[in-house]
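Asker: Sequence:
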Amino acid sequence: MGSVLAVGLMSGTSLDGVDAALIETDGEGHVRPIAFRSDPYSDAARDTLREAARLALTYDRPRRSPQIVEVEGLVTRRHILAVRQLLAGAKITPAEVAVIGFHGQTIAHRPDRGWTWQLGDGAAMADALGIAVVNDLRQADVAAGGQGAPLLPVYHRALTAALPKPVAVLNLGGVGNISWIGDAAGEGEAIVAFDTGPANALIDDWVLAQDCRRYDADGALAAAGQVNDAVLGTMLDHPFFDMPPPKSLDRADFTVQPARGLDAADGAATLTAFTAMSVELGLRLLPSRPARLIVAGGGRHNATLMRMIGTSCGIVPEPIEALGWNGDATEAEGFAYMAVRRLAELPISFPGTTGVPAAMTGGVLHRPR
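Quick note, in numbering that gives the first Met the number 0, the sequence shown goes up one by one and the last residue is 368.
Take these hints with a grain of salt, some might be off.
Simulated restraints on C-beta separations [stated by the list, open to error]:
(1) PRO238 with ARG31: 38 to 48 Å
(2) GLU27 with CYS211: 45 to 55 Å
(3) THR233 with GLU27: 37 to 47 Å
(4) ALA321 with ASP59: 17 to 27 Å
(5) ARG213 with ALA321: 20 to 30 Å
(6) GLY88 with GLU27: 21 to 31 Å
(7) GLY129 with GLY72: 13 to 23 Å
(8) ARG31 with ALA143: 27 to 37 Å
(9) THR310 with MET242: 23 to 33 Å
(10) GLY260 with THR310: 24 to 34 Å
(11) PRO39 with PRO93: 16 to 26 Å
(12) LEU235 with PRO93: 43 to 53 Å
(13) ARG76 with PRO238: 15 to 25 Å
(14) ALA290 with PRO93: 16 to 26 Å
These are calculated hints, taken from the structure and not from any lab test.
As the structure is a prediction and not an experimental result, all values here were calculated from the model.
The beta carbon of each residue, even a glycine, is placed where N, CA and C say it ideally should be.
All chains, please: the whole structure from these sequences, using the hints.
Answerer: Next comes the structure, spelled out in structure tokens:
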């Protein structure tokens, strides 16, 4: 198919808010960013989403309880508003947009149990906006035996097409994931990807509990502390790090509990070092050491984390802006890109990225009524 306009929506496990991106793409080699906006969740909305995630942990499978239905309505309405504001700002009408990639809000990710759960009503969004919507992008992969994550590698491949290989893209959201892209021999053959471990999630949880702030701005709290090597060693002695890829995490798979008893600064330093060391352990699992490590996601704003990654990994992490891209928009853009691939029946996950048996497309397509 030719190039079309597409909107991508992302609300990550860090619960920062809703990211909305408008791009022009053919779902293959052509990508042109057009507009982006990010709208934070209110504190009340964050508390509601955290409670939904806590509730989901008590379920053995997704269940549409009244509370979950109410939260899904909140998520859907918030994303619909984001699309309207994005298009208005870009002076684009809904009729000009081919598709929306609606990731939804992950409240549980349990591929070991055969399910993953992203809240968001794609049909309601399609009807409200008059635009086709692709949502539930992970479930088909999980149902086929894959991890359902990470999904961004196919977009990372497009962004790094002109760079010398191998190259790696590290996304530092609530959970960290890495995409290794080598010289392509065929569709998906030269991509390896997996979750590396917690990225911002534990740091954010720690700072919220200690200082009632949402995150460690610029890594200032961590920079004022000392890493506790005993606690760090305990956290790194987790079976996840010995597992070969592909592998993925739920935000709740790790906690700040081992750092309890440390003062605020030392705890932040230790948890930041933990994220950095988990990246190094991830690099050891790649087919070869990348020539460049490109970093997207909110964690790239944390100067202390970026410095620790450089020290731990022996490679200078480069913010994705070094390629001329907006690192805050990357994930939302990626889901717009994947939605276009869904329209074209092109794959979005591969054996080397999620462990699915064969390359496959994904997502449920909703046409407006």
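Asker: Indicate, hint by hint, whether the structure satisfies it.
Answerer: Now for the hints, and whether the structure bears them out:
| no. | hint | in the structure |
| --- | --- | --- |
| 1 | PRO238 with ARG31: 38 to 48 Å | holds, 43 Å |
| 2 | GLU27 with CYS211: 45 to 55 Å | holds, 46 Å |
| 3 | THR233 with GLU27: 37 to 47 Å | holds, 45 Å |
| 4 | ALA321 with ASP59: 17 to 27 Å | violated, 45 Å |
| 5 | ARG213 with ALA321: 20 to 30 Å | holds, 27 Å |
| 6 | GLY88 with GLU27: 21 to 31 Å | holds, 27 Å |
| 7 | GLY129 with GLY72: 13 to 23 Å | holds, 19 Å |
| 8 | ARG31 with ALA143: 27 to 37 Å | holds, 32 Å |
| 9 | THR310 with MET242: 23 to 33 Å | holds, 25 Å |
| 10 | GLY260 with THR310: 24 to 34 Å | holds, 25 Å |
| 11 | PRO39 with PRO93: 16 to 26 Å | holds, 24 Å |
| 12 | LEU235 with PRO93: 43 to 53 Å | holds, 49 Å |
| 13 | ARG76 with PRO238: 15 to 25 Å | violated, 40 Å |
| 14 | ALA290 with PRO93: 16 to 26 Å | violated, 42 Å |
Hint compliance for this structure: hints 4, 13 and 14 are broken, all remaining hints hold.
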